[in-house]
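Chains A and B supply the protein sequences, listed in that same order.
So for the first sequence, my numbering puts the first residue at 1; every next one is plus one.
So for the second sequence, my numbering puts the first residue at 1; every next one is plus one.
Bear in mind the hints are in silico, worked out from the structure with no lab data behind them.
Be careful, since some hints might not be right.
Unchecked claim - Computed footprint of chain B on chain A, listed as stretches where at least three residues anywhere in the stretch have a Cβ under 8 angstroms from a Cβ of chain B:
id, region
1, 20 to 28
2, 108 to 118
Stated by the list, open to error - Cβ pair distances, simulated, as ranges:
id, chain 1, residue 1, chain 2, residue 2, range
3, A, GLY134, B, ARG200, 19 to 27 angstroms
4, B, HIS268, A, LEU31, 13 to 21 angstroms
5, A, GLY134, B, LEU29, 37 to 45 angstroms
6, A, ALA172, B, GLY70, 43 to 51 angstroms
7, A, LEU9, B, HIS187, 49 to 57 angstroms
8, B, ALA89, A, ALA113, 39 to 47 angstroms
Positions of the beta carbon are idealized from the N, C-alpha and C atoms, including for glycine.
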Amino acid sequence: MMMPRGKELLLPVRQVFIWASLATALALAMLQNMALWGRAAWLPDVVAIVLVFWAIHQPLRVGVGTGFLLGLLVDVHQAALLGQHALTYTALIYLAIGIHRRLLWFSMAGQMAQVLPLFAAAHALAVLLRLLGGDGWPGWSMLLAPLLETLLWPVFSVLLLWPQRQAPDPDATRPL
Amino acid sequence: MPLGTLDSSPPPFFRQGPSALSKLFFFGLLAVLLMVADLRFHVAQPLRATLATVLYPLQWVVLRPVVWLGDGGRYFQSLQASQESAAAAQYQLGLQSQRAQQVEQLTLENARLRQLLELRARVNAPALAAQVLYDAADPFRQKVILDKGSLSAVQAGSPVLDEYGVLGQVTQVYPLASEVTLLTDSHQTIPVLNPRSGVRALAVGVTQGMALQFQDAHVDMQVGDLLTTSGIDGIYPPGMLVGRISQIDRHTSDVFARIRVTPVAHTHSALHVLVLKPSADALVANAVAPAPPASGPRRAKP
């Protein structure tokens, strides 16, 4: 299989880790809302970041259906229109699967430049849906959300790839 | 290195499942159907309640550190601060007890007068105390989540008060929690009465407050007037404080005056709230029941 020059060989990902990371992202999103900032339009959507990450790195394991289900849960937690996040995550994962073959050939800056339009499109879709549903504009701080999500992309890339970067057969002289 | 150690395995040739585009159409359509069912036909409630119950354990776990931090903060509060707050509460209680005695007397007097006039008795709605858990995250709406749900007999449509006045209305009930739409939400309307002039109006939520709609440019309203619930809607009991008029713009070019109202309830920081039963049920029961016999001698009709 052709791989980008200089890319390290990764261990296979464990399905349990994917699900655990998605559940942790959901809990983190809840914590942002319930403990830290309450109702704020600029909050980055960590569930969307983790979903896009897995859709790009493991498109055979995390697909459009996963996004739909998680979107429903996020809708119920946020007390939003039922189906709003389901639709935006569905579209987001479709777009992510569309760019998954080329994205990992780019440097981190190049990757960020390419995921920014994805997140911006997801937020634009959400605003469009709510305007159709009869709600108003939530405030200009919402424009910060896709930028923050893009800034968090390298952080999540390092964190979520960390288990796959371990040595295949660690021993006492080579713990990593 | 054994086989299967590396992640980069070739994708399967044949069993790929439906394409991403067809999945997008399928799930997209499903989501749109759900939104229509939720927004137009209001039939998505069972699905919402089920998902909320599934989510509840995770929410409970995430809320624990928040609760512990709050409790810990209160535990380590200095003795002086807690004594001061207790003294302030005592002072408040003293002020209110005087008023409460007046209210007792007035209620008695009112009941007697109503009996004399053969009016229906005033309805007192049964109440349930609840706590605000957190603000709902949806930035498009103004909602908070309460810790009581249908298992505690909370009904959708119930008015919610905090210690200062009307806070909002329960709009969605789950088994263990419920959603309250605040008065400042743009979809929320409350009928109000200006007790000074007797003018009735509708207050709708606008950003950071409320506005009185369709009021004549010469209407008798002044900045600083307190507004109460009018009680003609069958939901809010009459006489509850709603807000204070903060700004009035009367333009000669406009038919209506632009009146802004600040809610008296603390919409951003309410913690302990009271959930009333919608007064329509009690009103109907009251209207169907026979009127109480007037006490005292009645004059014979001429």
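Okay, the hints, checked on the actual structure:
Only residues whose C-beta sits within less than 8 angstroms of a C-beta in chain B count toward coverage, and the region 20 to 28 of chain A has 3 of them, enough to reach three; the restraint holds. Counting residues of the region 108 to 118 of chain A whose C-beta sits closer than 8 angstroms to any C-beta of chain B gives 0, which falls short of three, so the coverage hint is violated. Against the hinted window of 19 to 27 angstroms, the Cβ-Cβ separation of A/GLY134 and B/ARG200 comes to about 26 angstroms, which satisfies the hint. The hint said 13 to 21 angstroms for the Cβ distance between B/HIS268 and A/LEU31, and at roughly 20 angstroms that hint holds.
The supplied range of 37 to 45 angstroms is broken by A/GLY134 and B/LEU29, whose beta-carbon atoms lie about 21 angstroms from each other. Between A/ALA172 and B/GLY70 the CB atoms are about 46 angstroms apart, so this pair conforms to the stated range of 43 to 51 angstroms. Between A/LEU9 and B/HIS187 the CB atoms are about 54 angstroms apart, so this pair conforms to the stated range of 49 to 57 angstroms. At roughly 57 angstroms, the beta-carbon separation of B/ALA89 and A/ALA113 lies outside the given 39 to 47 angstroms, and the hint is violated.
Violation of the numbered hints given earlier is confined to hints 2, 5 and 8; the remaining hints are satisfied by the structure.
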